[in-house]
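Chains as they are written, first to last, in my numbering: chain A, 1 to 742; chain B, 1 to 233.
Calculated from the structure, these hints are not laboratory results. Only a predicted model underlies this, so the values are computations on that prediction, with no experimental measurement involved. Some hints could be false.
Stated by the list, open to error - Interface residues of chain B toward chain A, partial, derived using beta-carbon atoms under 7 Å:
id: 1; residue: 113
id: 2; residue: 141
id: 3; residue: 214
Unchecked claim - Negatives, chain B to chain A, calculated, CB over 12 Å:
id: 4; residue: 73
id: 5; residue: 96
id: 6; residue: 158
id: 7; residue: 182
Idealized CB from N, CA, C, for every residue including glycine.
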Amino acid sequence: MKYPEVNIKTAKELGINEEEFELIQKYMGRMPNFTELSIYSVMWSEHASYKNSIKWLKTLPRDGGVLLTGAGEENAGLVDIGNNLACAFKIESHNHPCAVEPYQGAATGVGGINRDIFTMGARPIAQLNSLRFGAIDRDHTKWIAKGVVKGIGDYGNAFGVPVLGGEVFFDESYNSNPLVNAMSVGIMEKGKMVSAIAEGAGNPVFIVGSSTGKDGIHGATFASADITEDSANDIPSIQVGDPFQEKLLLEATLELIETGVVVGMQDMGAAGIICSTSEMSEKGNAGMRINLDKVPLRQKNMEAWEILLSESQERMLVVVEKGKEADAQKVFDKWDIHCVQIGEVIDEDKLYFHYKGEEIAQVPASTLVLGGGAPIYEREYTEPAYYAESKKFKIEDVPQPENLKEIVDFLITHPNLASKNWVSEQYDTMVRTNNMTTNMAADAGLVNIKNTNTALALTVDCNSRYVKADPKIGTMIAVTEAARNVACTGAKPVAITNCLNFGSPYNPEAFWQFVGAIEGMGEACRKFDTPVTGGNVSFYNQTTINGKTEPVFPTPTIGMLGILEDKSRKTGLSFKKKGDVIMLLGRSKNDINSSEYLYSYHKIKNTPPPFFDIDFELQLNKMLQLLAKVKLVESMHDISDGGLYLNLLESCLENELGFDITSDAEVREDAFLFGEAQGRAVVSVDMDAEQEFIDLMIKFNFPFSVLGHVTKGELRVDDISYGFVRDAKNKFMQALQNKMEA
Amino acid sequence: MKFGVIIFPGSNCDHDMVYVLRDKLNQEVVELWHKDTDLQSVDAIMLPGGFSYGDYLRSGAIARYSPIMESVIEFANNGGFVFGVCNGFQVLCETGLLPGALLHNNDQKFICKNQHIIAEQKHSALTEYVPNGKILTIPIAHGEGRYYAPKDVLADMMQNHQIIFRYTNEDGDLSEDGNPNGSSMNIAGVCNLTGNVFGMMPHPERAADEDLGNTDGLMILHSIIHHLESKKA
Ligand SMILES: [Mg+2]
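Make a model of the complete structure from these sequences and hints.
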């Protein structure tokens, strides 16, 4: 096959601009050939190089006490969780594949994020996911949502790691561009981390796992006629996942690490072999000589650049100590998976690739990667007009509604607020027997660390409607809500990972949202002392509505890790028994800004974010942790989407209890029940502990009020009955299924 | 007692079974690799859940041909105690050691949740320590869990006390709303004619740790240990 001639036109077709094309020639000291140009094209893409985002990402707090590695240093962040254990965790997006092929897109997203964890030597023990789909009444949305959920389930269930939590959200903003963010959490013995590094000239380089095919090669990027004419039809742009191979790869990899022969290891994700060889080499100030003829192939007639760029799943690149090749081979033979030496480490900043007797590419490894030669850009940003417009909203614009019961019915069956059991029951949430929230509903997932007194609290959170309303405050709220959820279980928030889903960085208004979000995240993470351990940036998420293309809601998903040092402090969100006193921590506000109630019921869509005070949030967070520690409360549940009413109903479900509360005369009743003002949580207290609780609040001068008490099953507000828990529960549990299967 | 937990490639509940037996019930446990044939003189064979060999064909269909299963079949035919959970149950049906088959759930979706079951037999190796009429909560997690056997086989199984557990609703009724996957007669667990090979779809090992807030599964596991001890005595 003849490659296209390399010139600026070819470069532009591969997504390389003039400036970058010149820089490549400067680094190489000559004109690159087509394969080399293809290498730069993928390695300098946003996905691999963070060229448009890194300037801002560097402003985030990226180190701190509990961090064992800094952000971006390894495949995932690593946190000290005591007991001589370390926790690796990370969240990653797979949005664009899911827009085209929801099932495989989601499945391979789950596979990829788990490999990031076990390539470091950690065994995955929990998964979470954050999903955003278009308007639920559209057939296209249902097709995507069903495919994504089945894809996550089929892959993760077979792989054998429980799903501990997640989010599902529907809005027309995501009509043609769903967001699928998957998080994996693993643990390992402290000090046993395997680095993604290549060092030691002469050490052999192995490819292990599945064979390599043409899947995942971005056909669209290679639009030049000569290349795609024959091959376009057989290049699936979507990778295909095989959870069975992943499971074998996991067990074999962890067993290999135990033998002590591993120098470094990295999974093959985006940009495949070229990405792993260059990143591992750059980290070790080394290079590699690779013979692509050795790579086990799934298809015939693969070109060198196809082998280099293939995103075939379930593969790893491993550098082993020279002389220990047989030890590695033995482990992989046991598990019946490929383990083939494809090259060796060299003492030179160069990657040499050979194929069919020729040297087909020769590039300096360090020029390919972030922190090395990859370009870094500052993008322009401007405040969009909607922002100033939103500030004109006043609660008085909305007349106080007459029929609150009708609103309750609307909200408890709204797909964004109703139970997500239709989704979560398709996931194995209990394999590995460590899920402490199966029999105790809580605001965050709790993972039992067996044979210790510790549990981990995990949550993913982002109300993207708030972020759209105000990127900075909305993102501060996302971090804060995650921290509140963690604290409501009794745990202490310690670190976050983030998945930044935004529109095009070349759209100044979308980039304004990105910049605001990063500023807010930085401020909130510094406040809570929860450094950012790493994550993922996904730009170019946009949807066309009524012929107009707009970025999706800016969605900086926060995945938070908390530590519960003493399992006996674990606290759930469910009311325990009739007669317990229901207390509000924080203050009711006359605020319905950006609530689901205002947005979906009144259809008023451009309003500021809800009330938020970060200083108070920190106090509230500490109070929640303290209450769990002194065991003064029966339940704790923060107020978030849907407001107080949804909060109370959720607390009633597990034990089929009710509530009888009185509203606040100072606040409109719709704001009291459905407003989403931040900085609030509901706790229930045994009558015998009520005085002790009140004394504690007074001692700390902490704002609280008595809302009412837990009933046997009736739901009452201001002496008006809203029905009984069983009926409400049926509606709440069935709503999503009714909509999805309609 | 000495338990052998079979490990197929793709088993993923193997660690959970080992943990409960070893750490929670203080039993001796050996892991038996699918390529081996030596059962290491164990008193009982446990087949854990998972997706053996990827389950690409039909759940459990390939596992039955593994070397270790030849030994397990021989062990069972000599009266040895064999217990399969979830995928392990599927494997035992595929080998013919247990009657019937496990088909795709009637709504074609994987389902994982807490499920109520009741013991159909007072006296069996799995139920001796389950109080009479007790509604147990034992998690299920499967895509192919709909128990099926022809009518005449079901009648024989009834006759011969081979139906061990049945799905119920929260009030203990053997109703349709208590049947999570469309199983014949709400069947959740069965045994062979000679009462030494057992299989069930719900996971007792997932309800056996006080840290997780549910220990109903311990009643089943204690029954098994008691049964093995009295057999040995
Ligand atoms: Mg919450």
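Unmet hints by their number, sorted upward, for this structure: none
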